[in-house]
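**Student:** Spelled out from the first residue to the last, the chains are:
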Amino acid sequence: MRRLKFLLIKEFRQIFRDKSLLRTILIAPLLQLLILPWAANYEIKNIYLSVVDHDHSTYSSKMIEKIRSSGYFKIEAFNSSYKQAYALVERDKADIIIEIPVGFERNLIKEGSQKVLLAVNAINGTKAVVGSGYLIQILQDYNNELRLKWVAVDRIKPLPQIEITSSNWYNPLMNYKTFMVPGILVMLVTMIGSMMCALNIVKEKEIGTIEQINVTPVRKIEFILGKLIPFWVLCMVMFSIGLLIAWLVYGIIPAGNIAVLYLFLAIYLVAVLGLGLLISTYSETQQQAMSISFFFIMLFNLLSGLFTPIESMPKWAQMIASLNPVSYFISVMRMVVLKGSSLYNIRSHIFIMILFALVINIWAIFNYRKRS
Amino acid sequence: MSDAVIITDKLTKRFGDFIAANELTFTVMPGEIFGFLGANGAGKTTAMRMLCGLSTPSSGKASVAGFDVYTEVEKIKLNIGYMSQKFSLYEDLTVMENIKFYAGIYGLSDQEIADKGMALLQQLDLEKESKKLVRELPLGWKQKLSFSVAVIHKPKIVFLDEPTGGVDPVTRRQFWDLIYDAADKGVTIFVTTHYMDEAEYCNRISIMVDGFIRALDTPDHLKQQFNAKSMNEVFYALAREAKRSAD
Numbered sequence: 001m002r003r004l005k006f007l008l009i010k011e012f013r014q015i016f017r018d019k020s021l022l023r024t025i026l027i028a029p030l031l032q033l034l035i036l037p038w039a040a041n042y043e044i045k046n047i048y049l050s051v052v053d054h055d056h057s058t059y060s061s062k063m064i065e066k067i068r069s070s071g072y073f074k075i076e077a078f079n080s081s082y083k084q085a086y087a088l089v090e091r092d093k094a095d096i097i098i099e100i101p102v103g104f105e106r107n108l109i110k111e112g113s114q115k116v117l118l119a120v121n122a123i124n125g126t127k128a129v130v131g132s133g134y135l136i137q138i139l140q141d142y143n144n145e146l147r148l149k150w151v152a153v154d155r156i157k158p159l160p161q162i163e164i165t166s167s168n169w170y171n172p173l174m175n176y177k178t179f180m181v182p183g184i185l186v187m188l189v190t191m192i193g194s195m196m197c198a199l200n201i202v203k204e205k206e207i208g209t210i211e212q213i214n215v216t217p218v219r220k221i222e223f224i225l226g227k228l229i230p231f232w233v234l235c236m237v238m239f240s241i242g243l244l245i246a247w248l249v250y251g252i253i254p255a256g257n258i259a260v261l262y263l264f265l266a267i268y269l270v271a272v273l274g275l276g277l278l279i280s281t282y283s284e285t286q287q288q289a290m291s292i293s294f295f296f297i298m299l300f301n302l303l304s305g306l307f308t309p310i311e312s313m314p315k316w317a318q319m320i321a322s323l324n325p326v327s328y329f330i331s332v333m334r335m336v337v338l339k340g341s342s343l344y345n346i347r348s349h350i351f352i353m354i355l356f357a358l359v360i361n362i363w364a365i366f367n368y369r370k371r372s
Numbered sequence: 001m002s003d004a005v006i007i008t009d010k011l012t013k014r015f016g017d018f019i020a021a022n023e024l025t026f027t028v029m030p031g032e033i034f035g036f037l038g039a040n041g042a043g044k045t046t047a048m049r050m051l052c053g054l055s056t057p058s059s060g061k062a063s064v065a066g067f068d069v070y071t072e073v074e075k076i077k078l079n080i081g082y083m084s085q086k087f088s089l090y091e092d093l094t095v096m097e098n099i100k101f102y103a104g105i106y107g108l109s110d111q112e113i114a115d116k117g118m119a120l121l122q123q124l125d126l127e128k129e130s131k132k133l134v135r136e137l138p139l140g141w142k143q144k145l146s147f148s149v150a151v152i153h154k155p156k157i158v159f160l161d162e163p164t165g166g167v168d169p170v171t172r173r174q175f176w177d178l179i180y181d182a183a184d185k186g187v188t189i190f191v192t193t194h195y196m197d198e199a200e201y202c203n204r205i206s207i208m209v210d211g212f213i214r215a216l217d218t219p220d221h222l223k224q225q226f227n228a229k230s231m232n233e234v235f236y237a238l239a240r241e242a243k244r245s246a247d
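Residue numbers (our numbering), protein chains in the order written: chain X, 1 to 372; chain U, 1 to 247.
Because the hints were derived from the structure by calculation, they are not lab data. Predicted model, so just to flag it, every value in this text is computed and none were measured. You may find that some hints are simply not true.
[Stated by the list, open to error] Straight-line Cα separation of at most 20 Å, DMTMM-like style, residue types lysine to aspartate or glutamate; simulated pairs: (1) X:5 - U:168; (2) U:142 - X:204; (3) U:131 - X:18; (4) U:86 - X:204; (5) X:66 - X:53; (6) U:132 - X:11; (7) X:203 - U:91.
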């Protein structure tokens with residue numbers, strides 16, 4: 001215990017003397033939380049539309065006006081031919097072409113139906129799907145309006161229709177920032193925690209001080225605790241700064257008990273720092289540790305459910321995601337922050353995280369060698 | 001010979017096909033300054049690392065301070081000090097913080113740490129620098145400080161791996177004063193070096209060539225044996241036979 005005390009004093013002294021490390025811990029969460037939530041936004045706006053209106057009728061211009069007033073679309077150009085419009089798509093100026101054929105108004109009135117062509121640039125799949133979805137909805141709306149008008153005139157029984165109204169729970173305004181910020185915060189403590197821990201230990205290997213420690217009676221477990229505890233404290237502080245920013249800038253206040261969040265974080269950090277430790281036992285230089293960390297962090301982030309829902313991944317990817325500690329914390333963050341889940345609700349997440357922490361750390365301790 | 005502090009018997013370290021240290025057999029007596037000479041890559045550091053418990057021997061027997069190098073490594077560590085080729089104090093801690101840290105992890109009490117720390121600063125004439133970061137000290141002072149830290153817990157044996165590399169002759173002389181001082185207090189010194197003048201300061205010397213110990217005796221006896229005027233000549237006579245390229 002006494003040896004651990006000296007190891008801790010030493011580690012904290014070094015941390016407080018390392019200005020660049022402190023800067024990382026304070027500024028990284030600030031910058032990332034201020035910038036990323038705006039960039040990582042799924043709301044599709046500014047869809048560029050190229051309109052080919054061959055009809056030039058009252059109905060067609062009303063329809064175009066309706067599309068324009070929805071706010072999602074910007075009309076890039078009115079083209080006289082599909083060919084011209086296609087040229088715009090090729091130059092990436094337009095995302096969707098809407099072609100209104102000659103006789104649009106006449107056919108609608110006379111025959112009761114008319115086809116409209118939508119051509120969608122699907123290079124950006126999300127934009128294509130969401131954009132054409134919006135557009136189709138607007139056209140349907142317009143369709144209904146027309147129908148109601150005629151129904152009123154003809155006094156014919158309207159076709160039965162199911163109208164859907166939905167209300168959004170837990171994030172009523174469908175605010176993506178509320179959804180992204182907690183996840184980004186998880187990414188942040190994961191990245192900085194594991195890398196900081198790995199690099200710190202490998203640095204001691206590089207400069208040779210670890211060998212000096214290895215000839216002293218310091219035990220493995222003391223050395224490892226001497227590293228984990230200071231970084232655990234640092235990550236706790238960093239997370240708290242992040243929560244503060246989330247509240248001050250985005251007005252996000254956890255709906256659930258903040259103590260539940262911290263309890264999970266406490267366990268999670270043991271797993272993440274253990275990962276850093278494990279990486280350090282497999283690397284001799286800081287470059288090696290960096291590249292291994294990057295590999296894992298990329299994998300962890302993309303399979304975390306932060307950007308894309310895990311449920312819609314293929315089965316095998318879901319299997320990998322279930323081995324990803326980050327995915328559990330992101331899910332817990334969203335449960336507690338948005339839904340107000342209680343300790344009882346996240347109990348299975350806690351058990352799994354304890355398991356992660358144990359396995360990773362035991363592996364790391366086993367693999368950390370004082371002798372070669 | 002039963003009171004010897006280091007006893008080795010055919011101690012060997014292999015890395016694959018490469019035999020870094022080949023059947024080393026020697027003993028070191030308490031209070032002795034034992035010099036370990038050899039060209040780069042001769043196997044000196046490997047031998048030392050096995051004795052310090054940093055490297056597990058491939059075969060052979062050895063005991064350090066009465067403890068077995070295979071099974072009682074942690075007990076050995078309580079009884080030895082070690083100074084590696086690389087400078088291994090924390091550059092971003094001050095002189096005093098380094099002293100306190102190493103004294104602390106060797107289990108000295110707060111009172112002992114305070115007393116030892118002051119005595120050490122006085123001996124090294126570093127009192128004014130005690131609050132300076134170690135990285136700001138000149139290399140010679142760093143080396144002297146590292147040695148003093150390596151013996152702060154009064155070990156029975158201290159292992160020095162090329163302790164004076166890159167240091168000027170005056171500082172080297174001062175460094176050897178520290179070594180003599182420690183030896184007078186009964187600390188056994190096990191030192192590797194490239195400098196032949198330093199070899200003359202040792203009580204006994206072993207010279208390693210290609211993993212083998214090729215000579216082991218007092219400097220005077222070695223000079224007689226090889227009919228040489230200086231240790232330099234003895235060393236050249238042996239080192240010339242080396243087939244391994246230096247690392």
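**Student:** Each hint: holds or not?
**Tutor:** To see whether the hints hold, each was checked on the structure:
Between residue 5 of chain X and residue 168 of chain U the alpha-carbon distance is near 38 Å, which puts this suggested pair outside the 20 Å criterion. Annotation: proposed proximity of residue 142 of chain U to residue 204 of chain X holds, straight-line Cα distance about 18 Å (limit 20 Å). For the proposed pair residue 131 of chain U and residue 18 of chain X, the alpha carbon gap of about 17 Å is at most 20 Å, so the pair holds. Distance check on the hinted pair: residue 86 of chain U and residue 204 of chain X sit about 12 Å apart at the alpha-carbon level, within 20 Å; holds.
Proximity of residue 66 of chain X to residue 53 of chain X is assessed by CA-CA distance (about 14 Å); at most 20 Å being required, the pair is judged to hold. For the suggested pair residue 132 of chain U and residue 11 of chain X, the alpha carbons sit about 18 Å apart, so the restraint of at most 20 Å is met. With a CA separation close to 12 Å, the supplied pair residue 203 of chain X and residue 91 of chain U stays within the 20 Å bound.
Hint violations for this structure: number 1 only, all remaining hints satisfied.
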